[in-house]
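Colleague: Join these two chains into a complex; the hints should help.
Residues per chain, in single letters:
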Amino acid sequence: MSGGASGVAPPEDSRPDGGAHPGTAAWTPSPLAVARDSYRRARRRRAAWVSTLSTVVVVAVLYVVVTTAPGWERTRDAFFSPASAWDSLPAIAEGLWLNLRVWVVASVVGMVLGMTLAVIRTSRVPALFPLRAFAVAYVDVFRGVPLLLVLLLVGFGLPALRLEWLPTSGEFLGALAIILTYTAYLAEVFRAGIESVHPSQVSAARSLGLTRAQTTRKVVLPQAVRHVTAPLASNLVSLQKDSGLISILGAVDAIRAAQIAASGSYNFTPYVVAGVLFLLVSIPLTRVVDVYSARQGWRGSLATVSGAGAIR
Amino acid sequence: MSHLLSLRGIRKTYGERLVLDGIDLDVDEHRCVVLVGASGSGKSTLLRVVNLLEEIDDGEILLDGQDVADPRLDANAVRARMGLVFQSYNLFPHMKVIDNVTLAPRLVHKRGRAEAEAVAEAMLRRVGLAHRMTAYPDQLSGGEQQRAAIARALVSSPELLLLDEVTSALDPELVGEVLDLLADLRAEGVTMLVATHEMGFAREVADEVCFLHQGRVHERGTPEQVLGDPQRERTREFLRRLR
Numbered sequence: 001m002s003g004g005a006s007g008v009a010p011p012e013d014s015r016p017d018g019g020a021h022p023g024t025a026a027w028t029p030s031p032l033a034v035a036r037d038s039y040r041r042a043r044r045r046r047a048a049w050v051s052t053l054s055t056v057v058v059v060a061v062l063y064v065v066v067t068t069a070p071g072w073e074r075t076r077d078a079f080f081s082p083a084s085a086w087d088s089l090p091a092i093a094e095g096l097w098l099n100l101r102v103w104v105v106a107s108v109v110g111m112v113l114g115m116t117l118a119v120i121r122t123s124r125v126p127a128l129f130p131l132r133a134f135a136v137a138y139v140d141v142f143r144g145v146p147l148l149l150v151l152l153l154v155g156f157g158l159p160a161l162r163l164e165w166l167p168t169s170g171e172f173l174g175a176l177a178i179i180l181t182y183t184a185y186l187a188e189v190f191r192a193g194i195e196s197v198h199p200s201q202v203s204a205a206r207s208l209g210l211t212r213a214q215t216t217r218k219v220v221l222p223q224a225v226r227h228v229t230a231p232l233a234s235n236l237v238s239l240q241k242d243s244g245l246i247s248i249l250g251a252v253d254a255i256r257a258a259q260i261a262a263s264g265s266y267n268f269t270p271y272v273v274a275g276v277l278f279l280l281v282s283i284p285l286t287r288v289v290d291v292y293s294a295r296q297g298w299r300g301s302l303a304t305v306s307g308a309g310a311i312r
Numbered sequence: 001m002s003h004l005l006s007l008r009g010i011r012k013t014y015g016e017r018l019v020l021d022g023i024d025l026d027v028d029e030h031r032c033v034v035l036v037g038a039s040g041s042g043k044s045t046l047l048r049v050v051n052l053l054e055e056i057d058d059g060e061i062l063l064d065g066q067d068v069a070d071p072r073l074d075a076n077a078v079r080a081r082m083g084l085v086f087q088s089y090n091l092f093p094h095m096k097v098i099d100n101v102t103l104a105p106r107l108v109h110k111r112g113r114a115e116a117e118a119v120a121e122a123m124l125r126r127v128g129l130a131h132r133m134t135a136y137p138d139q140l141s142g143g144e145q146q147r148a149a150i151a152r153a154l155v156s157s158p159e160l161l162l163l164d165e166v167t168s169a170l171d172p173e174l175v176g177e178v179l180d181l182l183a184d185l186r187a188e189g190v191t192m193l194v195a196t197h198e199m200g201f202a203r204e205v206a207d208e209v210c211f212l213h214q215g216r217v218h219e220r221g222t223p224e225q226v227l228g229d230p231q232r233e234r235t236r237e238f239l240r241r242l243r
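Sequence order for the protein chains is W and C.
So for the first sequence, the UniProt record's numbering puts the first residue at 1; every next one is plus one.
So for the second sequence, the UniProt record's numbering puts the first residue at 1; every next one is plus one.
Hints in this document: simulated from the structure, not taken from any laboratory.
None of these values were measured; they are calculated from a predicted model.
Glycine included, every Cβ here is placed at the ideal spot set by N, Cα and C.
Please note: incorrect hints may appear among the correct ones.
Per the computed footprint, the stretches of chain C lying under chain W, defined by three or more beta-carbons under 8 Å from a beta-carbon of chain W, are [claimed, not checked]:
#1 71-80
#2 84-93
#3 100-108
Quick list of the computed label-pair ranges, beta carbon to beta carbon [as the list claims (entries may be wrong)]:
#4 C:168 <-> W:198: 14 to 24 Å
#5 C:73 <-> W:294: 44 to 54 Å
#6 C:114 <-> W:291: 32 to 42 Å
#7 C:73 <-> W:241: 52 to 62 Å
#8 C:109 <-> W:126: 23 to 33 Å
Next up, chain C with everything else stripped away, as it sits in the complex (with noise of 0.2 Å):
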């Protein structure tokens, strides 16, 4: 069975730092594949690497078998089909919500404003934010700004849900807001790829989890492996200490 995304030896520098190193990660389709890893360990990298966002020393990125890390490939393309929540939500401020959303259905998409509009009401109605379609970023709290990001990241249906990091921005109690759209998502079999520091989180939604350590995948597994019996040493004291 081939799989959705494919990373084989995925090799990463910023100039003399090695930030991956020989990534090799599989993510089929319908599952959740969960990074963790302390702070620097490659995480939020190896998302922008999947996304064409940095280009890569070394290595292959399959996406449904093709190596989308060709060059004379249309990387808007590759990027059309997948889609990156960051961290900081990074939502454009001069557009309201609803322009925010819309923008990549109508650019890159080519539908039509009511077509999109339609589509981007749908989205903000299923992340809970049908009310404020036509407030503007610095408007919203940050849970709504960060459930407006996946609205934007969703909207034209990619085919692979990348998450940086989407809580840590977040006060704890809105947190939860965000982490309860994620386990839908999951559960309407949304592929994801996610970075993360909730290990709560990564134990109830992900298939499969990987931490990384010094832009290594030091250890796979099933949550109940890697979180509950780490078999390495460096991943019993990363657990260690998030308690």
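For reference, chain W alone in the conformation it holds in the complex (with noise of 0.2 Å):
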């Protein structure tokens, strides 16, 4: 046991040297043991042997549907051609690079402004009742909008109110769209976070004289964040992929260089090349971000299960 991390208390068995027990070097199994570890591994063996089998069948169906299809030859040339996708290549990187710092910079302040909103909202204190209610409009109204509408919106909207001290270029009011948006999600994550921390930890918080604020700065908000980082960390990888939506306000990201190589050359390849490229740090991230979560010491956790996959 990894020290399997529960809002319930603990058995006195789950101490880090519970497991020591005098006696273990000398034991040599019974038959009875033998025989059901030898069961096990049959079975163990036979599971992985259908799933083999029932992946090489799949792909190979798969293949031969593909490769045999009238169009195959055509489609094959048109997505797949790998002179166009080493033309492409220098473009679409340089358009990954604007998605990339687009995404930095709208999950840090995405994650800042629905952190406010989120504490805002689960506040009690009623003299911040008009601010309440301002953050319940606010995730309502964005998170019911598409995001291709308030792209559309803030794109064409606000420059038409010709501010001075405006930018009016497409990265940064598609940076402004996305953040409006996911300020509203990211909110609701955090408010779900906060939600899931016991009254019992604000009440042991506040009677060893803490402050309302010390109490969601010190025990609240660190518990919730650790409640949350799954979601989280998914709504951050969507960030990431909508992140290419800003194409349409004419920033020129990976999507929007794709689409320039492609209507050059009437082929494909760079839309495939781009999604290779998003998928090349997508993955990476979300298995960062498990490790992190599943991380000994990450504690006040609700996601460590351990061991429950050993279940019969």
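Modeller: In structure tokens form, the structure reads like this:
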């Protein structure tokens, strides 16, 4: 048991040194244990065979269906042309650099604003009622309106105001629209986290004399964030993908760069290249978050249901 | 002589439900008052009321003669003068034991990190947890968690220690280690108001036992009187059921 964290009071055998029994070294398995073990191993071998075989069959069928399709030759040339991929790669990679910058800025700003909204919304200070009402309305509106629509309204609406000081580049307005929408999503994620912290934790902190603000900062938020690492990460991965939508405002990101390359050559390979580049970013990202949240010492997380897979 | 804590006519309702129905109670310095009674008799609510975690409907909570139920008073400063230990420990799971204990000294009593850690270390040694300071709460046994929670409540030298059924979530063999610690604290003169189901403990350490029934102090007196020779039928029935 890897110190399985949960809100429940653990039994006393969850101590790290709890597994050391005297006489473990001198143990020889009984015939019964040997028989059980060989049965389990046989079953695992069979399961491995079945899954390998079924995977091979499915892949083979897909391969045959795709490669024998009447349009396969043309599809291959249009979507998987190595020459076209190589030619378009530099421009698309440069576009991806813009996506990454938008992603980082929007993630940081969105998380800060989202957490602020969540704290306001869950606070019970009577004086904050107007702010609370604003937070509710904001989340309702920006979670309900499609991101594409927000992009169009911000991208074409704000410049129409002709404000001197407002940048009108597609990059800026696109990032702004993404921040507006994702702030609402992230606020809901953080709110769920805050509400998952047990009220007894607040009682304990207040009983020590901590103020409301100190309790939120030191006791509630650290636990809230730990509880929602998984949904938080999946929202940030979505944000990374949605950063491609700023291309409709003319910003030359990876998708727009692929579009330009494709329209020049009547070849769709650049889209595939852009897709692969997005994957190269998002897959490591999710893995890093998984490792991070499963790490020992990430206490107070609800996510560690260790050993559940071993249950027969 | 004025009391450290005096409760006068405490009334508390949760919606329609009347939980405390005019409680009068005094706790003198260096004394231990034990609250006994069935679940739902109002023991825990009374402790939360004293700690200002619940607002009362009526009555006075006098701490050193000052009415702390007055909403104009800074409740945080009042709470900082008391320590409350919960039935379910309520340690902060994301902090090491030492950080659980230094949190209030640093944030509430504004001590430096080094000073707070020195005091916390001494307190953890006092409750027998010197070797567990860098562990996280979920690595401790129930008895160790409860002792850590007691250290957290005691570290700022509160004038009054409130204990809310601190042994009822523990296995029988772990109850002893916590009760021994409380008896030691009692001997050192820590003022306590204790809600408990442990009649043996009440008999041993209490200066006064109050039997709560339906939000009122139904019977009160020395442990010998209330637990040994109860005068009222409801008290006798409660004690009979415990056996």
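Colleague: For each hint, tell me whether it holds in the structure or not.
Modeller: Evaluated hints:
no.	hint	verdict
1	71-80	holds (count 4)
2	84-93	holds (count 8)
3	100-108	holds (count 4)
4	C:168 <-> W:198: 14 to 24 Å	holds (18 Å)
5	C:73 <-> W:294: 44 to 54 Å	holds (46 Å)
6	C:114 <-> W:291: 32 to 42 Å	holds (34 Å)
7	C:73 <-> W:241: 52 to 62 Å	holds (54 Å)
8	C:109 <-> W:126: 23 to 33 Å	holds (28 Å)
The structure agrees with every numbered hint stated previously.
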